Amino acid sequence: MAVCIAVIAKENYPLYIRSTPTEDELKFHYMVHTSLDVVDEKISAMGKALVDQRELYLGLLYPTEDYKVYGYVTNSKVKFVMVVDSSNTALRDNEIRSMFRKLHNSYTDVMCNPFYNPGDRIQSR
Amino acid sequence: MHSAGDQNLFTSIYPTLSQQLPREPMEWRRSYGRAPKMIHLESNFVQFKEELLPKEGNKALLTFPFLHIYWTECCDTEVYKATVKDDLTKWQNVLKAHSSVDWLIVVVENDAKKKNKTNILPRTSIVDKIRNDFCNKQSDRCVVLSDPLKDSSRTQESWNAFLTKLRTLLLMSFTKNLGKFEDDMRTLREKRTEPGWSFCEYFMVQEELAFVFEMLQQFEDALVQYDELDALFSQYVVNFGAGDGANWLTFFCQPVKSWNGLVLRKPIDMEKRELIQRQEATLLDLRSYLFSRQCTLLLFLQRPWEVAQRALELLHSCVQELKLLEVSVPPGALDCWVFLSCLEVLQRIEGCCDRAQIDSNIAHMVGLWSYAMEKLKSLGYLCGLVSEKGPNSEDLNRTVDLLAGLGAERPETANTAQSPYKKLQEALSSVEAFEKHYLLIHGGVGALSRFKQSCSTSAFGGNYISGCCEVSALDHCRIQKRRIPVPGTGLLFRTWRLSSPWPHSELNDSCLFLLVRFPQTLSAYWRFKCFLALEVMTEEVWKVLDLSNKQCFIGEPKESRKNEGWWEGLWKDCGHASVRWRSAMLALVMPNNLVFATFARRKRSPQKAEMYLQGALKNYLAEGWALPVTHTRKQLAECQKHLGQMEKYPLSPVFHEIISHCLMYGGVAHNECAVTALLVLYFEGKRGHLEPFCPPSYSGGPHSLTLNFSYLQTSSLLASDHHLTEEERKYFCQEILSYASQQEDNPGHKVVLPMHSFARLKDLHFDPPNAVVHAGGVLTVEITVCSQMPIPVHVDQIAVNVHFSIDKNNYRKTAEWLTKHKTSNGIITFPAEASQFPASQNSLPALELSEMLERSPSDNSLHTTGIICRNVHMLLRRQESVSSLEAPSGLALEDGAHVLKCSSVTLQPGANKIEFRTQAKEPGTYTLRQLRASVGPVWFVLAHIHPIVQYDVYSQEPQLHVEPLADSLLAGIPQKVKFTVTTGHYAVKNGDSLQLSNVEAMLILCQAENRAVVYSNSREECSTALLRIQSSDKVTSIGLPTAPAYHVIEFELEVLSLPSAPAPGGDTSVLGTPEPHRKQKDMQRTDHCMVTTDHKVSIDCPWSIYSTVIALTFSVPFRTTHSLLSAGTRKYVQVRVQNLSELDFELSDSNLEDMGHAAGLRLTPLNTHSQQLIHSKQSVFFVWELTWTQEPPPPLHCRFSVGFSPASEERLTVSLKPYTYEFQVENFFTLYNVRAEILPASGAEYCRTGSLCSLEVSITRLADLLDVDKDEALVESEEYFSTKLMYEVVDNSSNWAVCGKSCGVISMPVAAQATHRVHMEVMPLFAGYLPLPDVRLFKYLPHHSAHASQLDADSWIENDSLSVDKHLDDQLDCSSVRSRGSTHSASSSEHKGLPMPRLQALPAGQVFNSSTGMQILVIPSQDDHVLEVSVT
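Line by line, the protein sequences give chains A and B. Residues 1 to 125 in this note's numbering are what the first sequence lists, from first letter to last. Residues 10001 to 11432 in this note's numbering are what the second sequence lists, from first letter to last.
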């Protein structure tokens, strides 16, 4: 299970961010925010290659002592960031990848909602 | 390599051999599909010893002899047989026993020796013998090396052959053995699930392989071995965590006793290796060793930044693994280890690669720096080094334990001053040392962060300032070092290093020094550069200085060009670097409570922390991260609070002065323009200019004021922040309140804060709702304010600043505006403020795209098509930096005379209603501008109220309106008229009255119960009063009830316009009109409009010396026409009364009297009813018979009168005057009787169609000569009078065709019973009863008659049923027509004076056509078989 999931707009403001231990929300906000550095880096470093390969998954962005941060970027440069507990060794790359894919699908569903204005905060039920 | 045989010989050859062997590369083909590689073989030769041969199960590959060589120089068969052969056999046997197949026999041929021995068998050389004896199938295992020590071509050749052979064999053997080794290793690895398996053993085996690869310079392969080991170990740890424990792993679970960090300076840390070999290593030992090896290899591979990257991963995973394995670690031990390791890695990297490489890979280093900082921080907390009191004994004990765990410093670093070990030891030794080291590292991160800020080109404006710091730092270098650094990224770091750890404070000192000592010698540019470096200015100042006015401050052109170059270079270079600025920022933000506390304690550069925080905050705001914004603000607040509390702030008095000037000049706010201007003035030595702006005395430190100001601002933002807990919000709110209460003894000093954090204006309600009030009236404005504060706040005063403008037309404008913008109930709702976090895409306007088609002008074919975006300028506009969100720029208290105030209000959290009451004074438009709330000296200001809210005050002159109640007033009956007195600014006193001058034709009816009603301005009824009306002959006085100003008095009066008949116009006479059609048309036209009469009433009002004239228009409800009817000689007068009004009337007492009272004339009414109802839009006719006894009767002057009253109403109080109509009847006496008769053709009984009949017209004169005959037509001859008449037979219905002359002039004798007969031929055109043709009679006047009669002739011609062509040149066959045509020409050519006769119609009463209405039967002609049907 991911401890924090964030959907971040192209302009780097959060569309949706939620963490499961809610008392330490700030830490995760900071974590997600700093991980954008790496996302930027990865996008700019291999932007071309990414487009060519249609690979949206960015892999491990950076590990900290307690958490691992994974990234995913859609074609419209909307970023998904997932924070996973480092001690959770059961989560492999493939699981993370499929989680991102599911997240992408639900994001697409949100975008398809005619009552949703692109750019607004996303509400989750 | 294992060499046996002649050792002396080998020794002599060895130097050449070992030198030559690695010279040529060999292609190494590898198993498992690995790519072949070119390698250089380098080998070691050892003397053959049997014990060196590998035994079964030996794992050592490094010491393994790959090739066994037997050297011999033997060239003598005897010797060979005696010793060498035995020796060789023995050697071979040994090898076979060890199943070694890689061997080589080298026979060295020496010419010198050959010559000595003569008994050489030429056929079978020693070589052949050896080959025969030992190499039964592998003849290539014996090589000849001839004359190795000589320098000849033969020697060279043989050497080459030998070396190639040797290399091939060596590689073969190596490959074989390596393959075997790898297989063995794999086998060993497969056994890892078995109980007895040991990781350490396996580690040694695989490391052997790595060593071999390393030896072969195959670092990549070597690294792979270590990575495999790493992965294997990690996997075990993970599995252990999952419950799958391996026995060997328990070794690694022993408690950690030593934490001396990574050692990366030695290629192989033998100490640790031995520990592993002895299976005594701890997890940290293993990891350290493994990483040091990996690091070594990576550095060989020239990938130092990968070291940094891996180091961070390693450190993280080690911490995790220790947790996972539940290894007991003393508190702080891991922190020490990580800290040391981080620094070790950083130092190692910096030591081994050049600056450029580091700069391009800063990203990886930020992580290590911040990790180290984090760890040092936690160590600081652990050892009590950050507490106020310093460490206690417990903390000291812990510190000692930790230091013990570090062990002794390693010999290789003992001599370096900056070793991590020494750093840590020092840092833990005392509070001061700790702070120093902590800030040092913090400075490292800060440098990276600042580096970021200057890099980020996107937020140019916001981050430019930080760039300024950097550049000023560069300038500093120039000043101090007299050295021009290379522009670019590397520079920044060097700069930092030069002045580390206090780059800015040192800079400040020197700048300040320069500035104060040599203000005149420094160029303006340098002055400002120094100034910037001082970090005192707010960001706004910097922005203004450097962005817009940069040119102004650059004194010397040379300098300026250099400066430009720097900037450009800086941006260019930095633009490409990817820097993890967010991480760096986080590193700065997170631990800042520690940083600024230490900063504060050390009393050095305390704004620095604030500056960092402001920078971070700006970025978070720009990217819209709510929680980080809140957190950073919290930090900032704490920081600012500390700054504000500092009593003595080390700033030169010069700057105190400047700042105080700035503050004063720009209000309390930081008005950047003012500041800039001041700076310029100051430095230009024109301080005198400032004096007017400075208040005479200013107490209180201005700088602390700024700080307090920013602290209060941050506090207010935080107090309204919903991300904080209730307690925190209350705390910050309390901070503001306590500040406010403290400052109460310091009057006149104000702190202006933006309103939006304090409260939000929700809606506004005007009373009166239309927001228009008369001068002196009371206006109520009720605002709803949503307090954002968590607790009730007592506000001293809430005020709305009002802008007053006099605009004459504003009242009307406002009315329009009201209908558009205001809801009917006068509530204005303010839109909720846009989210604090600007989502840039939301603020962008929508694309306005339109299609564009261009056609070529020549052939109109389409040659260009495209899409145009019409609002590109909007979209591509540079995004403004968000700095204004926090900046207080432009907030100033507006002063104005018009202020709505409300004192002493307590704002509860949430919505509050506040009511302002004001009495309107001057008329004009009042615009609500600024809303402000004051809590002590703290003013919360909403600079602009948007949308615009206005109210209007008007002043009005007293006015009187008089208007009828109904649509129009009718004359003759009492009608109500409403009087409206709008008092305006005039208050009606008791006794004021309206004086109406009377008009004769209009009566003002005074009723007993006339009431006046007084209304207030908003149309509410105030009072009623009886109206006092006094009438005299000329004046009616109406006493007004008392009414205050801006009220309305309304009352009604009845007026009666006396009806008067309009004078009958000449042309309204319908007697004998020859143009009935036209008359009818006229009638229709006039049907709808009533005749009106205007009555002007002049009224004297008490408020004015001038009298008001009011015109009342009354309409006459009736229209009357009369006509004369005659039958033979009997005459009747008919009067038609037409009701034009909407009302029904009752008519009574109709009467017609002769005004002339002629004797013998009598009017006999034929009307039966005395009372008649006349309905709206209908007519009533009255007829009188006119009889006379005396002949001829005189012209009759009549007056018709009829009484009328509205039919529906009850009895009226006043008697109404009858309606009268006067008219004249003339020439009603019949003079001629015309009689026409049609007789069938002679012999025929009836008239037939198509056959001629005779028309007999007889004109009989009925009277003798009368007065009326006396005109020009009268001809007198011998007492015999005759008059000329023209007759004309006209058949309008075309029933008859008149044959021959249809008209003629006769001379009629003027005598009774004189008769003139005319005979004419007419032909009926149709069958049936046909009316006779009309016979008309005219007076035939001679040409010199009056001009007036011409009109009649004209009209006659026009209305003639015969077609008359008006063109003179047309030929007309009828003579009469021709004559008429000439009449016409006469009319048109009258000026020529041609004498032409004229015609005058006889008045209708004078001619009686007795045959009118007669018909004659016409029979269709018998032989007419053709029936003509005309279809029209």
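For the record, the hints were derived by calculation from the structure and aren't laboratory data. Do not rely on the hints blindly, as some may be mistaken.
Stated by the list, open to error - Below are the EDC-like pairs computed for lysine to aspartate or glutamate, each with C-alpha atoms no more than 16 Å apart in a straight line: (1) B/Lys10037 x B/Glu10024; (2) A/Lys27 x B/Glu10024; (3) B/Lys10323 x A/Asp40.
Unchecked claim - Derived DEER-like restraints, expressed as beta-carbon distance ranges: (4) B/Pro10768 x A/Pro118: 21 to 27 Å; (5) A/Pro118 x B/Cys10786: 44 to 50 Å; (6) B/Cys10786 x A/Phe115: 33 to 39 Å; (7) B/Asn10239 x A/Thr20: 24 to 30 Å; (8) A/Gly59 x B/Gly10866: 38 to 44 Å; (9) B/Asn10247 x A/Pro21: 43 to 49 Å; (10) B/Pro10792 x A/Thr20: 35 to 41 Å; (11) A/Pro21 x B/Gly10351: 54 to 60 Å; (12) A/Phe115 x B/His10794: 41 to 47 Å; (13) A/Phe115 x B/Ala10911: 27 to 33 Å; (14) A/Gly59 x B/His10794: 54 to 60 Å.
If you're wondering where the values come from, they're calculated on a predicted model, not measured in any experiment. The beta carbon of each residue, even a glycine, is placed where N, CA and C say it ideally should be.
Do the hints match the structure? See the list:
This hinted pair checks out: B/Lys10037 and B/Glu10024 have alpha carbons roughly 13 Å apart, not beyond 16 Å. A threshold of 16 Å between alpha carbons decides the hint, and for A/Lys27 with B/Glu10024 the separation of about 59 Å lies outside it, so the pair is violated. For the given pair, B/Lys10323 sits about 32 Å from A/Asp40 by alpha-carbon distance, which is inconsistent with the 16 Å threshold. Range check, B/Pro10768 to A/Pro118: Cβ separation about 45 Å, and the 21 to 27 Å hint is violated.
For the pair A/Pro118 and B/Cys10786, the supplied restraint of 44 to 50 Å is violated, since their beta-carbon distance comes to about 29 Å. Between B/Cys10786 and A/Phe115 the C-beta distance comes to about 27 Å, which lies outside the given range of 33 to 39 Å. A hinted range of 24 to 30 Å for the beta carbons of B/Asn10239 and A/Thr20 is consistent with their spacing of about 26 Å. Judged by the Cβ atoms, the range 38 to 44 Å given for A/Gly59 and B/Gly10866 holds: they are separated by roughly 42 Å.
Remark: the range hint 43 to 49 Å for B/Asn10247 to A/Pro21 is contradicted by a beta-carbon distance near 36 Å. Checked against the hint of 35 to 41 Å, the pair B/Pro10792 and A/Thr20 passes, with Cβ atoms roughly 37 Å apart. Hint check: A/Pro21 to B/Gly10351, Cβ distance near 41 Å, so the stated range 54 to 60 Å is violated. Under the hint 41 to 47 Å, the C-beta atoms of A/Phe115 and B/His10794, about 44 Å apart, fit the expected range.
A beta carbon spacing of about 29 Å between A/Phe115 and B/Ala10911 agrees with the range 27 to 33 Å that was offered as a hint. Checked against the hint of 54 to 60 Å, the C-beta distance between A/Gly59 and B/His10794 comes to roughly 57 Å, which is consistent with it.
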